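Enquirer: Based on the hints, put chain E in the right spot on chain B.
2 protein chains.
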Amino acid sequence: MALQAVTLGIDIGGTNTVLGVVDAQGVCLAETFLQTRASEPVEYYLPRLYDSIESLYSTVSATCEMKGIGIGAPNGNYYSGTIEQAANLNWGDIVYMRQLVHERFGVPVALTNDANAAALGEMLFGAARGMKHFLVVTLGTGLGSGIVVNGDVLYGSDGFAGELGHTIVKENGRMCGCGRRGCLETYSSASGIRRTMVELFAERTESSGLRDVSFNAMTAAAISSAAQAGDSLAQTAFELTGATLGKALANVIACFSPEAVILFGGLANAGDLILNPTRRAMEETTLNIFQGKTRLLLSELMDKNAAVLGASALMWKELEKLGTL
Amino acid sequence: MALQAVTLGIDIGGTNTVLGVVDAQGVCLAETFLQTRASEPVEYYLPRLYDSIESLYSTVSATCEMKGIGIGAPNGNYYSGTIEQAANLNWGDIVYMRQLVHERFGVPVALTNDANAAALGEMLFGAARGMKHFLVVTLGTGLGSGIVVNGDVLYGSDGFAGELGHTIVKENGRMCGCGRRGCLETYSSASGIRRTMVELFAERTESSGLRDVSFNAMTAAAISSAAQAGDSLAQTAFELTGATLGKALANVIACFSPEAVILFGGLANAGDLILNPTRRAMEETTLNIFQGKTRLLLSELMDKNAAVLGASALMWKELEKLGTL
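So the protein lines, in turn, are chains B and E.
Here the first sequence stands for residues 1 to 325, where the numbers follow the working numbering.
Here the second sequence stands for residues 1 to 325, where the numbers follow the working numbering.
Any given hint could turn out to be false.
Within a straight-line C-alpha distance of at most 20 Å, the following computed DMTMM-like cross-link-like pairs (lysine to aspartate or glutamate) qualify [stated by the list, open to error]:
(1) E:Lys-293 x B:Glu-84
(2) E:Lys-293 x E:Glu-283
(3) B:Lys-170 x E:Glu-171
(4) E:Lys-321 x B:Asp-152
(5) B:Lys-293 x E:Glu-54
Rough simulated footprint, nothing fancy, chain E against chain B, three-plus residues with beta-carbon under 8 Å [claimed, not checked]:
(6) 4 to 16
(7) 161 to 167
(8) 256 to 264
(9) 280 to 288
Label pairs and their calculated CB-CB ranges [said to hold, decoys possible]:
(10) E:Thr-324 x B:Gly-130: 25 to 31 Å
(11) E:Asn-90 x B:Gly-130: 37 to 43 Å
(12) B:Ala-5 x E:Gly-177: 50 to 56 Å
(13) E:Glu-203 x B:Thr-15: 51 to 57 Å
(14) B:Leu-322 x E:Ser-61: 42 to 48 Å
(15) B:Met-302 x E:Asn-172: 31 to 37 Å
(16) B:Ala-5 x E:Asn-90: 56 to 62 Å
(17) B:Lys-321 x E:Glu-103: 34 to 40 Å
(18) E:Ala-202 x B:Met-302: 48 to 54 Å
(19) B:Ile-94 x E:Ala-221: 47 to 53 Å
(20) E:Thr-141 x B:Glu-31: 54 to 60 Å
Please keep in mind that the hints were generated in silico from the structure rather than gathered at the bench.
Source: prediction; values computed, not measured.
For each residue, glycine too, the CB sits at the ideal point set by N, CA and C.
If we strip away everything but chain B, and leave its shape as in the complex, we get (with noise of 0.2 Å):
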């Protein structure tokens, strides 16, 4: 019996390091994960990372044919194939993480950043099926975005293209990590509506259930359900994440003129709340020529393990360009 062609996705995050045995169409065969411990060297990681990769490949070899590895990290560089001073690891200037796994199993490797790989996941197996020029915005604590163009991955003249989160929306806005002010993220993200909430709290005098939650316990899941629960300020608050998102978008669609712009992550968890304001807000903004053009989408991964999938979907991209396939 001919064995079954699969690749391995790996999504290396600051707690847990996930891994799965992905097939051509997106299914995922067998998983398994391991603690990161982001506080040891990566000397200490590598030789766990491998014996994962082994063990968790052992269980389908009789089956499945390994045609390449994966691999989605913060700050991944797919040119370099390194992991370049990722704020959340404890693992030195630069890990040449791609090299490493090649050297150790012989197949092909490829790596790239958590948004770029969502975005070829949902190219692959996602909303973004047939698509050749889309975004996915990522609405975690940050806001991350994976551009592609022509039906692959813009990564730019140094591999770190797609900073979507970092453009200043707003002139002496709010201060950023990145320590700069006006970062589109500082407002539309998960931390960026916290932010909106507390404000509103400030200007306004509605009351709310969330005003007895401290700003480090108050999670955009908690401001969804008191939107969804009736909050006018935790309504109000997602109106606002969504009007600057949806400002940004217009932008976006000026330049790159996108099939869709699709939202993944925290804060697209809340659906309909963070969708409609965000749509209005990029219809009405948009230029004449593009306007109906882009649809503004949820990613279909969000219920899956949309990590592995994108980590996979780099390597199965990453075959059909060797033309190995």
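Expert: Using the frame of chain B, we list chain E on its own:
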């Protein structure tokens, strides 16, 4: 003797249509032009265009082989090969220019807008030689942009990507011809700097020779001359124009991570007057990981017939894609 491979570049403007026979090194071997007569229907224009192509080619046909025809035109759409609702041409809704010219001459024909053609011209023959990720920003009456990603123009899903001039940089800002407010081109363009100049007349008290010039009579060249002669208001106008442009480019860099941004067109003729404040604002505003990476350059085709070289470059690029070189 083997015939020399050439392409024909055609730049369709509101006043004139310029045609040139261009070799693979960007040398223009022969050139001619005809009046566009934009108010006449396209049916009158086409026979005159065909005649010009034939008579121009006849001057080189003894030594050259015509490989294809590239056309730069307002609202030119690369995908459809059409000119759609060009505001300054009375040609109706849609002209199937690529198809018409192809049927008449039987060689490959490609068509795009002028900013995209300019980008290809810089990539093959000008300041972007060897680059795979860059932008050309044309600072004329409006602000146009041609964006190159992975060595090819970003056309987007509909062929109209690259409208950087219509990204909104100031909420409730200046009225734009597109019907919205705050578009980049209302600030950073030959017409934008004129608006800035009269705003300064209103706001400040310093004398300026340009206070004797009407709004309609005031050109970017006149503001540039005044600034060079020490006119402090004109100098300030350049500072403000460059600051707005530089901040917008910082956002562009966050998305595209280009090797360079190349300025072209009327306002770019001012050289350091526009380069310096733009570069300063761009560097100051750019996200740390991109700082010092993207070069701000002047076009290397401004003294040449850039529009014809760009249109020709479009066809050379097309022949490369077709694999017929």
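Enquirer: For Lys-293 (chain E) and Glu-84 (chain B), compute the direct alpha-carbon distance and say whether it is at most 20 Å.
Expert: Judged against 20 Å, a Cα distance of about 17 Å means the pair holds.
Enquirer: Return holds or violated for the Cβ distance of Met-302 (chain B) and Asn-172 (chain E) against the range 31 to 37 Å.
Expert: holds, 36 Å
Enquirer: Are 3 or more residues of the segment 280 to 288 of chain B near chain E, judged by a Cβ distance of less than 8 Å?
Expert: holds (count 3)
Enquirer: Determine whether the Cβ-Cβ distance between Ala-5 (chain B) and Gly-177 (chain E) falls within the hinted range of 50 to 56 Å.
Expert: 54 Å Cβ-Cβ, so the 50 to 56 Å window holds.
Enquirer: If you check the beta carbons of Ile-94 (chain B) and Ala-221 (chain E), does the distance land in 47 to 53 Å?
Expert: holds, 49 Å
Enquirer: Between Glu-203 (chain E) and Thr-15 (chain B), does the C-beta distance stay in 51 to 57 Å?
Expert: The hint (51 to 57 Å, Cβ to Cβ) holds, given that Glu-203 (chain E) and Thr-15 (chain B) are roughly 55 Å apart.
Enquirer: Do the alpha carbons of Lys-321 (chain E) and Asp-152 (chain B) lie within 20 Å of each other, as the hint requires?
Expert: holds, 17 Å
Enquirer: How does the Cβ-Cβ distance of Ala-5 (chain B) and Asn-90 (chain E) compare with 56 to 62 Å: does it lie in that range?
Expert: For Ala-5 (chain B) and Asn-90 (chain E) the Cβ distance comes to about 58 Å; the hint holds.
Enquirer: Check, residue by residue, whether the segment 4 to 16 of chain B contains three or more positions whose beta-carbon lies closer than 8 Å to a beta-carbon of chain E, and give the verdict.
Expert: violated (count 0)
Enquirer: Per the hint of 25 to 31 Å, is the separation of the Cβ atoms of Thr-324 (chain E) and Gly-130 (chain B) within bounds?
Expert: This hint holds: roughly 29 Å between Cβ atoms.
Enquirer: Given the hint that Lys-293 (chain E) pairs with Glu-283 (chain E), does the C-alpha gap stay at or below 20 Å?
Expert: holds, 9 Å
Enquirer: Does the Cβ distance between Leu-322 (chain B) and Ser-61 (chain E) fall inside 42 to 48 Å?
Expert: holds, 44 Å
Comparing the model with each earlier hint shows violations of hints 5 and 6; every other hint is respected.
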